[in-house]
Amino acid sequence: MKKENKLDMLENTEQSVIDRLSSEFPPQDVNEKELIFKMSERKFNNNINGLSADDEQTVSGVEVYKHPVWQRVLSAAAAIAVLAGGITGTAYALKHFRNVSDTASNIVTEDTTRHDLKKIAPFGDFAELEYQLCDFQQETMQPIFIRDTDGIKSVFELYSGPIIDTEKREKIADFFNDFDYEELAMDEDEAVGIVNTFMTDQDSSPQVINESEENVPQKAPIIQSQNMLETGSPYFIYCRDNEVRAIRFYDVEQYGVLNYTHFHYGEKDGQLVMTDDKVSVEGWKIDYDLFKTTVEEILGDTPAEPEEETTTPEGEESMTETEIDTGSDNDSFLTLCPSFKDQNWVFSDTNSQQIIETSYEQRENIYNILKCSRCLFVSESDFNTPEILSETPTEHITLSSRDEESLYFFHFSLINDKTYAAFGKYDTEKPDYTDSYYLISDDTEIIQKIKDCLYK
Amino acid sequence: MTDQQVRELLKSSPQTAHRLIFDEYYNYVYTIVFNRLRSFASREDIEECISDVFSDIFIKYNSEGEYNGDIKGFVAFIAKRRAVDTLRRLTSRGVNAVSIDDNEALQLSSAERVDELAEKAETGHAILDAVRSLGEPDSTIIMQKYYYGRNSADIADIVGMKPAAVRKRLSRAAEKLKKILTDMGEGR
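Read top to bottom, the protein sequences are chains B and D.
Just so you know, we're using our numbering here: the first sequence kicks off at 1 and counts up by one.
Just so you know, we're using our numbering here: the second sequence kicks off at 1 and counts up by one.
Fair warning: there could be bad hints in the mix.
List time: in silico DMTMM-like cross-link candidates among lysine to aspartate or glutamate, alpha-carbon distance up to 20 Å [to be verified]: (1) Lys11/D / Glu128/B; (2) Lys120/D / Glu11/B; (3) Lys120/D / Asp138/D.
Just so you know, the hints here were simulated from the structure itself, not pulled from any lab data.
All values derive from a computational prediction rather than experimental measurement.
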């Protein structure tokens, strides 16, 4: 761009030339356009919430802390911390993530005339606040530092997303309000069993929750953020006037947990930080499947938001509701492996039958191809390949890579004229394995393009 | 969609309204900002600036009708102002102050000269005509490469070709354009 050329003369030109540029030669990069729209919305939301542009610029430069995995998803960890509280009675987790119901009761008392007449969910009436459906876009995620965990820097990942329209919010609220919630305080043995089972699933070296306050932070259950964040049930966030409310539900096998997190934040030393003394986290026992399917049905029963429409491929009708509502797109596909260009990917050359290393240029070209393709999330599984991918592909290519901890692969296959992409990560130490499957909706030649990059 | 309909939509579904406004004016704003910052700012700075423009538009163009009038002119005004702000911010360290007592001050001229602007506009239209005469997809390839600074892989996706094919067409089209512009220069 910096190299001088004749078209430099078009720069800083007169309005009539700009008008022609705009209409005859527009920028045309769809991904860049979507990125800018998200940035615009985030800035608009921040502005109406009273955060200045300067605050936001400072936040973008925030130092990245290396947290234990569970701390990266405070709300998720907190859901289990409530369980831990049930186990230990006076445990650290309860002390720090205690059930403070004043926030929810505040909401209930805001409009007594309405609430006196109808049953309201313990976390308030979902219809009354403009909850957003979290889009899990890392680009627009803002970290909020939570200060109430002694000596440990925890962070709440504040995602944004489209505001759910009033009609859908009312339907979801009716469902939430009608449900009979059960407090999570339970029999100690039962709670220990549930938490240990959950921890065993998530961590190869499960820790027993200890009543010792000092030990609890390190022994908190580990929750894989990839699993919980990118493929779980819908996650609702409300963020206005420096106030955050987050609602999501988890499946802890025996039953589900609805987690409600609420706190206020402000700006300090260039970082967003919680301003409350304690983060309020509450949890209730729920029917996970019922909640997940009902909410997904409501969210999916009318035409999607425009933002979603742009990433919805033609083959949508063949997908299940779960698949559509996961709302994955190009960004989520590439964020599975953010260091793609810097990893040493290898592939098997079908001609020479040799394993060949890719060059940086090849990786960059492949990255650009993937970046511009439209992807629809199909499923995530542990060792089980989705049924639709059990057929023999007419064309395929696999890239694999490894570092000290993990093995990675990207596998692309063409089946019935549809291109599927799979990303897998195998942790060599735990062992732990996850893979995600996507349908590349707009480009049936993507495998050929990747091969062109590799074989040229 | 009329101005009134957009304002109604802003009340019921602000994000849908924002999306409509964004889709309608994205190319226009992008072109204005890019045209001003192209040589001074990184792509990230340009994207930041464009998002600032739309954030401003979303705030000022609201359902209460705070702004009334020609929305395209309003959009252009905000885009130009934001682009200039960004340019000032990026180039502030490079600006040299000149004392009015200095002899150099006598040589300073107005930044805008009408005759130069008119000539520049004429040249701009001529260049665009020359690019347009290449036909598609060459005109798009040339503009995306040499004006917007995109790489062959990105352009390949835009025009639906392979990167290698884009590179081939690019080199031929560039030669052709060079000849057209040279002939045009000689003809003047």
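Hints and how they fare:
For the given pair, Lys11/D sits about 16 Å from Glu128/B by alpha-carbon distance, which is consistent with the 20 Å threshold. With a C-alpha separation of about 10 Å, the suggested pairing of Lys120/D with Glu11/B holds against the 20 Å cut-off. For the hint linking Lys120/D to Asp138/D, the alpha-carbon distance of about 24 Å lies beyond 20 Å, and the restraint is violated.
The structure fails to meet hint 3 from the earlier list, while all remaining hints are met.
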